[in-house]
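*Asks:* Since chain A is already given, all that's left is putting chains B and C on it; use the hints.
Below, each chain spelled out in residue letters.
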Amino acid sequence: MTKKLTDIIKEYPDAVRTEKPLIHHITNYVTVNDCANITLAAGASPVMADDPEEAEDIVSLASALVINMGTLNKRTIESMITAGKAAKKKNIPVIFDPVGAGAGTLRNETAARILKEVRPSVLKGNVSEILFISGVSSGAKGVDVSENDKNIREEIICEKIKKLALKTGCVVAATGEKDIISDGKRVIYVENGHRMMSDITGTGCMTTSLTAVFCSVSNDLLLGTAAGILYMGLAGEKAFNEAGNRGSGSFRTALIDQIYNTSRKNIEENAKIFER
Amino acid sequence: MTKKLTDIIKEYPDAVRTEKPLIHHITNYVTVNDCANITLAAGASPVMADDPEEAEDIVSLASALVINMGTLNKRTIESMITAGKAAKKKNIPVIFDPVGAGAGTLRNETAARILKEVRPSVLKGNVSEILFISGVSSGAKGVDVSENDKNIREEIICEKIKKLALKTGCVVAATGEKDIISDGKRVIYVENGHRMMSDITGTGCMTTSLTAVFCSVSNDLLLGTAAGILYMGLAGEKAFNEAGNRGSGSFRTALIDQIYNTSRKNIEENAKIFER
Amino acid sequence: MTKKLTDIIKEYPDAVRTEKPLIHHITNYVTVNDCANITLAAGASPVMADDPEEAEDIVSLASALVINMGTLNKRTIESMITAGKAAKKKNIPVIFDPVGAGAGTLRNETAARILKEVRPSVLKGNVSEILFISGVSSGAKGVDVSENDKNIREEIICEKIKKLALKTGCVVAATGEKDIISDGKRVIYVENGHRMMSDITGTGCMTTSLTAVFCSVSNDLLLGTAAGILYMGLAGEKAFNEAGNRGSGSFRTALIDQIYNTSRKNIEENAKIFER
Numbered sequence: 700m701t702k703k704l705t706d707i708i709k710e711y712p713d714a715v716r717t718e719k720p721l722i723h724h725i726t727n728y729v730t731v732n733d734c735a736n737i738t739l740a741a742g743a744s745p746v747m748a749d750d751p752e753e754a755e756d757i758v759s760l761a762s763a764l765v766i767n768m769g770t771l772n773k774r775t776i777e778s779m780i781t782a783g784k785a786a787k788k789k790n791i792p793v794i795f796d797p798v799g800a801g802a803g804t805l806r807n808e809t810a811a812r813i814l815k816e817v818r819p820s821v822l823k824g825n826v827s828e829i830l831f832i833s834g835v836s837s838g839a840k841g842v843d844v845s846e847n848d849k850n851i852r853e854e855i856i857c858e859k860i861k862k863l864a865l866k867t868g869c870v871v872a873a874t875g876e877k878d879i880i881s882d883g884k885r886v887i888y889v890e891n892g893h894r895m896m897s898d899i900t901g902t903g904c905m906t907t908s909l910t911a912v913f914c915s916v917s918n919d920l921l922l923g924t925a926a927g928i929l930y931m932g933l934a935g936e937k938a939f940n941e942a943g944n945r946g947s948g949s950f951r952t953a954l955i956d957q958i959y960n961t962s963r964k965n966i967e968e969n970a971k972i973f974e975r
Numbered sequence: 700m701t702k703k704l705t706d707i708i709k710e711y712p713d714a715v716r717t718e719k720p721l722i723h724h725i726t727n728y729v730t731v732n733d734c735a736n737i738t739l740a741a742g743a744s745p746v747m748a749d750d751p752e753e754a755e756d757i758v759s760l761a762s763a764l765v766i767n768m769g770t771l772n773k774r775t776i777e778s779m780i781t782a783g784k785a786a787k788k789k790n791i792p793v794i795f796d797p798v799g800a801g802a803g804t805l806r807n808e809t810a811a812r813i814l815k816e817v818r819p820s821v822l823k824g825n826v827s828e829i830l831f832i833s834g835v836s837s838g839a840k841g842v843d844v845s846e847n848d849k850n851i852r853e854e855i856i857c858e859k860i861k862k863l864a865l866k867t868g869c870v871v872a873a874t875g876e877k878d879i880i881s882d883g884k885r886v887i888y889v890e891n892g893h894r895m896m897s898d899i900t901g902t903g904c905m906t907t908s909l910t911a912v913f914c915s916v917s918n919d920l921l922l923g924t925a926a927g928i929l930y931m932g933l934a935g936e937k938a939f940n941e942a943g944n945r946g947s948g949s950f951r952t953a954l955i956d957q958i959y960n961t962s963r964k965n966i967e968e969n970a971k972i973f974e975r
Numbered sequence: 700m701t702k703k704l705t706d707i708i709k710e711y712p713d714a715v716r717t718e719k720p721l722i723h724h725i726t727n728y729v730t731v732n733d734c735a736n737i738t739l740a741a742g743a744s745p746v747m748a749d750d751p752e753e754a755e756d757i758v759s760l761a762s763a764l765v766i767n768m769g770t771l772n773k774r775t776i777e778s779m780i781t782a783g784k785a786a787k788k789k790n791i792p793v794i795f796d797p798v799g800a801g802a803g804t805l806r807n808e809t810a811a812r813i814l815k816e817v818r819p820s821v822l823k824g825n826v827s828e829i830l831f832i833s834g835v836s837s838g839a840k841g842v843d844v845s846e847n848d849k850n851i852r853e854e855i856i857c858e859k860i861k862k863l864a865l866k867t868g869c870v871v872a873a874t875g876e877k878d879i880i881s882d883g884k885r886v887i888y889v890e891n892g893h894r895m896m897s898d899i900t901g902t903g904c905m906t907t908s909l910t911a912v913f914c915s916v917s918n919d920l921l922l923g924t925a926a927g928i929l930y931m932g933l934a935g936e937k938a939f940n941e942a943g944n945r946g947s948g949s950f951r952t953a954l955i956d957q958i959y960n961t962s963r964k965n966i967e968e969n970a971k972i973f974e975r
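Protein chains in written order, with the working numbering: chain A, 700 to 975; chain B, 700 to 975; chain C, 700 to 975.
Check each hint, because a few of them may be wrong.
All copies of an identical chain are treated as equivalent in the list; a pair is satisfied when it fits inside any one copy or across any two copies.
Derived lysine-lysine pairs resembling DSS-like cross-links, with alpha carbons at most 27 Å apart [stated by the list, open to error]:
id: 1; residue 1: K849; residue 2: K719
id: 2; residue 1: K719; residue 2: K877
id: 3; residue 1: K866; residue 2: K964
id: 4; residue 1: K773; residue 2: K787
Hint data in this document are derived by calculation from the structure and do not stem from the laboratory.
Chain A on its own, in the form it takes in the complex (with noise of 0.2 Å):
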């Protein structure tokens, strides 16, 4: 099965440079630089224009959608469900990052109003987001996973997604130690990736844009999701290879290069993706 999975998803770099879709994203003033620039890394074309009177002139250009609620305030907030509904309504894929979700009313709120108004195609946070959003968490510390959902036992982890994507209609994945991804019937299990990636901001992001670019490109919105989020993860490997005996700073920059490099022969040797 795992040979299926990576011979699938192996094809999906190349998709991306032909097509270079274009990937709308309404997102955090933090990383949204990393977004743009991992999202050309990988063959795509960001944009991310954030106003609510041009979410549906932008749509209409784009592939794909990002909603991330990294920073939010009542404009962007509009944008995001203008955009949204304009994207399902386009029938293009829409995956919501709920980033915070569990660090305040507001975010709750807004994850609460963009799950239940938007209906995005793709749910994908850290472990800590989507057991809050499941109900079983008290949500992340800020914007990291908290020291307790670290604890909680895969198997736990596991059912709660699979009860969150049949009740939301969505692909749900949640990133941490394993990353776990399942449309409620499937479960793909991810386990590439390095510890040096929470030293960085923004890697959580850039994983949402890049399954953006990947379910642009995929009809298997699973799929594409475990891509974006495998694509990472075998690039941070490469990248703490090459720079993490540097530093952070370094590291960042060498994970960019590594997704710009994105290699068959990679995918092939390192990928740790397991259909269970």
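*Replies:* Below, chains B and C alone, put in the same frame as chain A:
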């Protein structure tokens, strides 16, 4: 003629380092950090205040103003207009980059409004944006040059740029395979640059910032604009030699390094700038 | 006395890595990514929410608050005040960086309002900003130190800082050729750093973030502030040795690397910190 242009332009970097002009930016939040760093790398000083309430105060301290509409909203549109008018009144160069012109009504109307109400000194965009404003293209693909526009013949582009310059009173620059700059009478071509520059975000925005930097020390805005585009192109070529094989993250870092290390020798030996 | 200061301060990085404090930032969109990455490089966890509606919720999770007024608008000013008051009530350190104080009415009034309504724990700016708030300078050149202020005698600056500390109840720090920190009684000088640090954007903002990081694990805010400034200065020196000859892009990456690699040995051998 080539010699004459480079002889003038090669003096600009030292003038910048001596005068350390303050360059006010009202710009997007995607590439703002890159714009600040490239401005500093060239020896000038950036300031990025974008609230309408302080637009005039900051302009009063500045030697040039960048209006970059990469990300737009009601508040920043007002700042652009207010700061732009104040800068024109003060008689400092106003460089307008109509990012994403053609991508939707808000952008199209804002570009038209800035051209009419501010009357910028320089209008600098990619070839799709400039052709859209000229009325001959359906505009950019999001914020990138469209495939269609890549195939329009150079003479046609050149004619449109000259006409647009005469109509608007701006120096008009369109960047693409070749970069074309005109004030309606003279036309300058720049043929430096590297295609890897389109693999990172912000190359266009950084070029706009550099254009403002050099216009602030030049009494010839046509040459100041050509200088911004030329130095970025030269830096792109050297950055590719330095770091291109590592990937787009490293290339981005090297690009700023190369502006920091701008040398007379490089422009003397490698500049491809022509007046026709 | 030097020995005593470094002996205390050299314990801080380990304390940060153990406690992993959450540092809330309401800051500018120019250098926000650098601030997040430097906070992570030091072993703490950054969060950058800036909407007034969630200001109190996020503060309730945080161990320190940064208020950086690099880019201002009505919405974020309200967030700064609300978050600042909540942080003071919760008794966590509030570090205020009055970026661009002196550059215009909005900034000047906002700085005054924050000092009065929030009463920050630490006021940290460049020497022009601090002198402006002291009433003895016309303020920064945009966001950089003015040439005039570079020539003011050290003793005069020191006197002004002490007085301002007594008047405001803040630990006051002014960065410049030498960095001076005082709580009104004690005065600490830091003489580390490298002039290349002013060739990139965000060095001041990152220093403010580090100050918040170290204040969150120290019960002595004077030393916590000195530690933020000292570790940044040491990192600047090492980054220059590492990457200075390559250019400002590489220097910026190396600066974050060096904070990530902060070592006891470096502070023991190279710290130039004095109490007078």
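*Asks:* Taking the hints in turn, state whether each one holds.
*Replies:* Hints and how they fare:
1. In this assembly of identical chains, the alpha carbons of K849 and K719 lie at most 27 Å apart only when taken from different copies (15 Å versus 37 Å within one copy).
2. Within a single copy, K719 and K877 get their C-alpha atoms only as close as 30 Å, which misses the 27 Å cut-off; across copies the closest is 22 Å, which meets it.
3. In this assembly of identical chains, K866 and K964 lie within 27 Å of each other by CA distance neither inside one copy nor across copies; the values are 38 Å within and 55 Å between.
4. Proximity of K773 and K787 under a CA criterion of 27 Å is satisfied in both settings, with 21 Å inside one chain copy and 26 Å between copies.
Hint compliance for this structure: hint 3 alone is broken.
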